[in-house]
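*Asks:* Guided by the hints, dock chain B onto chain A, whose structure is given.
Number of protein chains: 2
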Amino acid sequence: MQPIVQSAVNFSEGRRKEVIEDIVLTVRNTPGVSVLDTSYDYDHNRAVLTFGGAPQAVGEAAFRLTERAARLINMEQHRGGHPRMGATDVIPFIPVQGIDMTQCVELARSVGRRIGDELKIPVYLYEEAATSPERKNLANVRSGEYEGLKEFIKKDERAPDFGPQQMHPTAGAVAVGARRPLVAYNVNFDISDVKIARKIANAVREKTGGLKNVRAIGLFLQDRNQVQVSMNLVNCEETPIYRVVELIKAEAARYGAKITDTEIVGLCPQDYLLEAARYYLQLPSFSADQVTENKIAWEMSGK
Amino acid sequence: MQPIVQSAVNFSEGRRKEVIEDIVLTVRNTPGVSVLDTSYDYDHNRAVLTFGGAPQAVGEAAFRLTERAARLINMEQHRGGHPRMGATDVIPFIPVQGIDMTQCVELARSVGRRIGDELKIPVYLYEEAATSPERKNLANVRSGEYEGLKEFIKKDERAPDFGPQQMHPTAGAVAVGARRPLVAYNVNFDISDVKIARKIANAVREKTGGLKNVRAIGLFLQDRNQVQVSMNLVNCEETPIYRVVELIKAEAARYGAKITDTEIVGLCPQDYLLEAARYYLQLPSFSADQVTENKIAWEMSGK
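Just so you know, the sequences run in chain order A and B.
Residue numbering for the first sequence follows our numbering, beginning at 1 and increasing consecutively.
Residue numbering for the second sequence follows our numbering, beginning at 304 and increasing consecutively.
Source of the hints: derived by calculation from the structure; they are not laboratory data.
You may find that some hints are simply not true.
[To be verified] Think about it this way: if two alpha-carbon atoms lie no more than 30 Å apart in a straight line, the pair counts; the simulated DSBU-like pairs of lysine-lysine are:
#1 A:17 / A:120
#2 A:249 / B:552
#3 B:561 / A:258
#4 B:552 / A:258
#5 A:207 / A:136
#6 B:457 / B:423
#7 A:249 / B:561
#8 B:439 / B:510
#9 B:439 / B:457
#10 A:207 / A:195
#11 A:155 / A:136
#12 A:212 / A:199
In this text, all values refer to a predicted model and were calculated from it rather than measured experimentally.
Same shape as in the complex, but just chain A (with noise of 0.2 Å):
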């Protein structure tokens, strides 16, 4: 199987067209790398640019890609309403298949070191590949933002884990990590009382007592005139999507509210719709290289 592995750079721009342009073509210009997304928002003043490929491509499109970002972007000039400390803010690698985390956080590691050395640019590694507990939690590594950092990061307890112990001066520094893949996924009810669709949002996520790695909120769609628990659903192998649905059913059960569709907003891996499919099936010993599709494509890589 062909190891591949995606990633969803956060980077500083939303509004000059020409720069974000300038950033995906460095990105598409990597050899063995492929742009799947790109979303940006004027507001935020910034991006996401989602892309995957073979992993050590994948390092070189956001090494080249965040190199990019600090000559066409001024952190000194940057305001926006999400919250950032760098030209390029966030980079995630998420293994899609034939890798696991273990070697997204060594991936992670060396291009973080890469971006210190020869970029000049601190380095934090968040999440997985963290090099501390706090630093697990990307708001704590982004605390105080572009301007607080130019302070802080003087601190021991906020020394970058590679590069320089002080921000780049227009850059500035930049998270790179490792972590599974999110879904983002709602589910709509045949009520349009929006106090329902919170509780029921209350009771499935981990942050009210509910299922651990489920994010939830419950929402009015004026358009539908129906109600939504929107969620994000951050590890799907320990919490597959089928014991969400099924725990949100029997929520909405007690207000006799039902479930009249979902939606998986972007991408989402084979292996948790696969889940889903083993788990209704009752199909305990199914593997995806049973999926005809997988069992050509890696016989095919494997020649």
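*Replies:* Relative to the frame of chain A, chain B by itself:
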């Protein structure tokens, strides 16, 4: 999306290992083709070789296989338990991704024409590629087998679609066609009375009033002391796996029987499993290009 076709060629050798290996190697050495599975049976004196890849490459491999088998297998000396009419007996082309049935029918006809013209072996088109309704069924096409067809082929209604209107002196005739992927699916129950398994099989299969595209038998599994409904699902686009399972649950309930587990034997196209996830998770609009691995592979192949 890179188009992929699968084939599962049946040829008339299940005893001489060196002949089987020679024929497998012929396919393996065809550029762009991957061998997915080989199985053969002494009593049937027959092998099934499953391979896949780009349509033209799979067509080329099927042609080379037929040429090689015609040199190595003499039907005058062939004996075996399974109905057969040629050294290479059956060549199906099966759409896997990025290709529709119409294109597989075209592929079957162009490979069939080439076998007829260049190898002088009579070719019968069957299933979706058939040129008349009675030739859709392989059993009709093969009726009389190798020995009987020597005479029958002279009749107008048994004239081949391509090649000479007489059997090849050693290779006989070959059926070439297009068909959907077949899923071998078994469902096991928490009971040991095979009569109940047979009743469930009768209720679920097309032949006796059940679901279209489902072939089923009831079996007793000695080693597990359980009963099983063993099925071939011949068109999971029309009749998806989840519908079969839900009907089986409903029928089993009248006997107080429950499913303990199910199994897919061999390969299954990805979309048949995604359809189960769509049904049970109520995910109406989830598309295959939202699967991370697909998106990356398709973006890469489009480069």
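*Asks:* Run every hint past the structure and note whether it holds.
*Replies:* Verification of the supplied hints:
Among the hinted pairs, residue 17 of chain A with residue 120 of chain A is consistent with the structure: their alpha-carbon atoms are about 27 Å apart, no more than 30 Å. Note on residue 249 of chain A and residue 552 of chain B: the hinted pairing holds, with a Cα-Cα distance of about 20 Å set against a maximum of 30 Å. Taking the CA atoms of residue 561 of chain B and residue 258 of chain A, the gap is near 26 Å; set against the 30 Å cutoff, the hint holds. Restraint check: the Cα-Cα separation between residue 552 of chain B and residue 258 of chain A comes to about 22 Å, which is no more than 30 Å; the hinted pair holds.
In summary, the hint linking residue 207 of chain A to residue 136 of chain A is supported, as the alpha carbons are separated by about 17 Å, within the 30 Å threshold. Between residue 457 of chain B and residue 423 of chain B, the direct Cα distance comes to roughly 16 Å. Compliance with the 30 Å bound is thereby established for this hinted pair. Distance restraint check for residue 249 of chain A and residue 561 of chain B: the Cα-Cα separation of roughly 22 Å lies within the 30 Å cut-off, and the hinted pair is therefore satisfied. In summary, the hint linking residue 439 of chain B to residue 510 of chain B is supported, as the alpha carbons are separated by about 17 Å, within the 30 Å threshold.
Our distance criterion of 30 Å between C-alpha atoms is met by residue 439 of chain B and residue 457 of chain B, whose separation comes to about 20 Å. At roughly 18 Å between alpha-carbon atoms, residue 207 of chain A and residue 195 of chain A fall within 30 Å of each other, so this suggested pair holds. Distance hint between residue 155 of chain A and residue 136 of chain A is fulfilled; the C-alpha atoms sit about 18 Å from each other, no more than 30 Å. Proposed proximity of residue 212 of chain A and residue 199 of chain A is supported: the alpha carbons are some 17 Å apart, at most 30 Å.
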